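Asker: Each chain, letter by letter, is given below.
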Amino acid sequence: MEPKDGGRVTLAEILAGVIVAALNAYVLLAGADFGGGVWDLFARGPRARAQRELVVQAIGPVWEANHVWLILALVLLFTCFPPVFAQLSIRLHIPFALALIGIVLRGSAFAFRSYGGQRDEVQQRWGGVFAGASIVTPLLLGMAVGAVAAGAVGEGGTGKGEGFVTLYVLPWVSPFAISVGVFALVCFAFLAAVYLTLETTDRALQEDFRRRGLVAGVAVMVTGIVALALSRGGAEAVQRGLLGAPWSLPLHVLTGAAAVGALVGLWRRQWRWARIAAAGEVSLILWGWALGQYPYLIPPDFTIEGSAAPLITLGLAMGAIVLGGAVLFPSLYYLFHVFKGRASEV
Amino acid sequence: MFPPMPDLLAARSQMGVSLGFHILFAIVGMGMPVLMVLAERRWLATGDEIYHELAQRWGKGTAILFAVGAVSGTVLSFELGLLWPGFMRLAGAVIGMPFSLEGFAFFTEAIFLGIYLYGWGRISRRAHLFAGVLVAVSGALSGIFVVIANAWMNTPTGFEVVGGVITHVDPIAAMANPAAFAQTLHMLLAAYAATGLAVAGIHAYMLLRDSTNAFHRRALSIALLVGGPAAVLQPISGDLAARQVARYQPAKLAAMEAVFETERGAPLVLGGWPDLDARTTRYAIRIPYGLSLLAYHDPHAEIRGLDAIPRDQWPNVPAVHWSFQFMVALGTYMAVVVLWAGWVLRSRGRREGGRVLAENRRLMWALVVATPMGFLATEAGWMTTELGRQPWVIYGILRTRDAVTPMPGLIVPFVAFTLLYCFLGVIVAWLLYRQIVRSPTVPEQLWRVVRTGEWSRKTGDA
Chain A
2 MEPKDGGRVT LAEILAGVIV AALNAYVLLA GADFGGGVWD LFARGPRARA
52 QRELVVQAIG PVWEANHVWL ILALVLLFTC FPPVFAQLSI RLHIPFALAL
102 IGIVLRGSAF AFRSYGGQRD EVQQRWGGVF AGASIVTPLL LGMAVGAVAA
152 GAVGEGGTGK GEGFVTLYVL PWVSPFAISV GVFALVCFAF LAAVYLTLET
202 TDRALQEDFR RRGLVAGVAV MVTGIVALAL SRGGAEAVQR GLLGAPWSLP
252 LHVLTGAAAV GALVGLWRRQ WRWARIAAAG EVSLILWGWA LGQYPYLIPP
302 DFTIEGSAAP LITLGLAMGA IVLGGAVLFP SLYYLFHVFK GRASEV
Chain B
576 MFPPMPDLLA ARSQMGVSLG FHILFAIVGM GMPVLMVLAE RRWLATGDEI
626 YHELAQRWGK GTAILFAVGA VSGTVLSFEL GLLWPGFMRL AGAVIGMPFS
676 LEGFAFFTEA IFLGIYLYGW GRISRRAHLF AGVLVAVSGA LSGIFVVIAN
726 AWMNTPTGFE VVGGVITHVD PIAAMANPAA FAQTLHMLLA AYAATGLAVA
776 GIHAYMLLRD STNAFHRRAL SIALLVGGPA AVLQPISGDL AARQVARYQP
826 AKLAAMEAVF ETERGAPLVL GGWPDLDART TRYAIRIPYG LSLLAYHDPH
876 AEIRGLDAIP RDQWPNVPAV HWSFQFMVAL GTYMAVVVLW AGWVLRSRGR
926 REGGRVLAEN RRLMWALVVA TPMGFLATEA GWMTTELGRQ PWVIYGILRT
976 RDAVTPMPGL IVPFVAFTLL YCFLGVIVAW LLYRQIVRSP TVPEQLWRVV
1026 RTGEWSRKTG DA
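Chains A and B, in that order, are what the protein sequence lines are. All residue numbers for the first sequence refer to my numbering, where the first residue is 2 and numbers rise by one. All residue numbers for the second sequence refer to my numbering, where the first residue is 576 and numbers rise by one.
Extracted from the complex, chain A is given alone in its bound form:
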């Protein structure tokens, strides 16, 4: 995080950074699982069935663990920044509730499809629910992020005023918020396509997802530029942060390089490079948003320092993160080693 006025980085800032890091992991891992649902929906051609099976096989062992990053970010948010959690929950009730329905349907449908029998109609029905929920959920979560970035969720933000629609609907259905939702969905689909090239040794399937990855990679750029353009009217504070800060030029250069690198990696069939570059690109975009609205958690009035819990709570949360991390990271390494090691080594 950016130290303020040359001062020391505070514990609250570190914890805010941990929350963004957890969201980062959620985007890279669960995001790709959502993206898998997109490619389930768009499975086409002679290998449609094989494409769907690859998605199921790639997601199966890890989706629940990947999903927990969101819960972790959430519980850390309400432990360390309770007023922020309360404010987000009140003003973004509708998109969160809808996203939750999506999360429930998607997870259940996936489990039902995996264990509900092999008959085609069963597979199709749950496959449809799975794919539909995989698209709606990222869209809504992205719209919620857009609403926060636009400053429409804060008390003194653009969403101030009276009336149900003004308070609870307009903040997250602005053109900017919608553009962020679409952008998130496209990013997730892009990540999934790139990762899936490494999940199989079947050349033809790799080519299928290479083509999808290239299309999605270009779509990421296009929707990203649209969102940035709309931020002119929608999220000026973040835009100022994104464009005006001393770190903004290096960040943009790096993001652009990663974006190009991912496409070049896909084009030249260097799947591992493409994966690293794609994950880097999406992570840099997320951190760009986070840094862009620093020192606010919810612009324009909830700052990191102003919303933080008492120091003792923050210290204990930090201790829990260190201890939990000591258990978590070796376990995660083992999980991915067991299920993801094999395909990528071939």
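Where hints are given, some of them may not hold.
[Said to hold, decoys possible] Cβ-to-Cβ under 7 Å is the rule here; a few derived chain A residues that face chain B:
#, residue
1, Val105
2, Gly108
3, Ser109
[What the hints assert, rightly or not] Quick look at which bits of chain A chain B covers, simulated, 3 or more residues with Cβ under 8 Å:
#, region
4, 60-67
5, 84-92
6, 309-320
7, 326-333
[Said to hold, decoys possible] Which stretches of chain B does chain A cover? Using the computed rule of at least three CB atoms under 8 Å from a CB of chain A, they are:
#, region
8, 659-665
9, 675-684
10, 690-697
11, 743-751
12, 798-810
What the hints contain is simulated information worked out from the structure, not anything from laboratory work. Bear in mind that the values here come from a model prediction, so they are computed numbers and not experimental data. Heads up, the beta-carbon is just placed ideally off N, CA and C, and yes, glycines get one too.
Given the coordinates of chain A, assemble chain B onto it according to the supplied hints.
Answerer: The following block gives chain B in isolation, referenced to the frame of chain A:
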């Protein structure tokens, strides 16, 4: 469009439905891994393939239930804010700690469940068994942390209120609140008793159709091994919890026991109709000195009645009283059936014990009847503690009505989530039914075992 429903009632109903739905999957998620691990350990120890099959089949059922539990748990963690932002704003810094720890415990559980379910044959047998043990341990820890947070709502500690603002926050003292130990113990035992006896009941039903079935005999013995001790210990932990409630939550105890007048040597009130206007419980059986004896282990101890509580701070007395009595009745039945099974089994070896149990048709029917009881008792106990705390969300500190979100129209999410959960409940029930009763793989698998000659060699009693 909708019949009018106050927002507070809608929010409470939605929270109740969400918790009532999730708690079933949460306790199965705590109990089933223990059963799977025990089956797998016996497979490794004896080489008996039926235990291997058992661990895998239980694993499939658990996978469905865990997935639904994981996503419905996510809904709850969001709903804390979506429905009760006033609670989270006030309490987050004090009681967020166990939720954060639960986050990590749940994470570990999800990771190792993935390894357990998809790792058959991919990792060594010992590593696989160890993954199962980690699922069971982290599952229990998840439950413990969440119930600690709930216990804090009942007996809040670890802060001071100065001029309506919470200060002197001490999250460790909050976790060590007076209700924490009794409540977590009671919940943990409930999870094992409910899961163990539900599985035992299902396999008892199958044994009623074919008492020689080696698969179901083994399943029954493991299920009783997990559920039995928990069901017998549960009344003792219940006594501990009730004495703690008597001391720290007098309004809840008075409602549970339908005590209207403060008195020494209070009787135990069984059943009956609490008449709030007449301030008495009609048509009840009264056991003299019973309540004082149970609550304080002293026949002359004073029990504070509802007359000591301002009328606007009474919980819903009939609902709490009946939930509590229902829970106790179910728990008693479960403990008695397990003791009966223990009597039937007395000093028999494992192999002969399986036969003696399976051939006792009355006991098998008694176990079948107990199948849903652990879950019903858990729901009733949850209703008791939650309804019994009303009108408070943090006992004595924050009223539920002051914690609810200002967003109007809460009937809409209530109806939406209720329909969603009904839909999921029906599908899960259907899938489990298919898995248990109609799955064609069982006879085929058994047949294979018979064919390789392992049947007679390993089981000896077919």
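Asker: Are at least 3 residues of the region 675-684 of chain B within less than 8 Å of chain A when you compare beta carbons?
Answerer: holds (count 8)
Asker: Going by Cβ atoms only, is Ser109 (chain A) closer than 7 Å to chain B?
Answerer: Where the cut-off is 7 Å and the nearest Cβ of chain B is about 6 Å from Ser109 (chain A), the hint holds.
Asker: Would you check chain A against the region 659-665 of chain B, counting CB to CB pairs closer than 8 Å, and say if three or more residues qualify?
Answerer: holds (count 5)
Asker: If you count the residues of the region 326-333 of chain A with a beta-carbon closer than 8 Å to a beta-carbon of chain B, do you get 3 or more?
Answerer: holds (count 4)
Asker: Verify this for me: three or more residues of the region 309-320 of chain A with a beta carbon less than 8 Å from a beta carbon of chain B.
Answerer: This one holds; 6 residues, not fewer than the three required, reach chain B with a Cβ under 8 Å.
Asker: Count the residues of the region 798-810 of chain B with a beta-carbon closer than 8 Å to any beta-carbon of chain A: does the count reach three?
Answerer: Violated, because only 0 residues of the region 798-810 of chain B bring their Cβ atoms closer than 8 Å to Cβ atoms of chain A.
Asker: Cut-off 8 Å, C-beta pairs, minimum 3 residues; does the coverage of the region 690-697 of chain B by chain A stand?
Answerer: holds (count 5)
Asker: Holds or violated: the region 84-92 of chain A covered by chain B, criterion of 3 or more residues with Cβ-Cβ distance under 8 Å?
Answerer: holds (count 7)
Asker: Do at least three Cβ atoms from the region 60-67 of chain A come closer than 8 Å to Cβ atoms of chain B?
Answerer: holds (count 5)
Asker: At least three residues with a C-beta closer than 8 Å to a C-beta of chain A: is that true for the region 743-751 of chain B?
Answerer: holds (count 4)
Asker: Under the criterion of a CB-CB separation shorter than 7 Å, is Val105 (chain A) in contact with chain B as hinted?
Answerer: Nearest chain B Cβ about 4 Å off; hint holds.
Asker: Do the numbers back the hint for Gly108 (chain A), that is, is its least Cβ distance to chain B under 7 Å?
Answerer: holds, 4 Å
In summary, the one numbered hint that this structure violates is 12.
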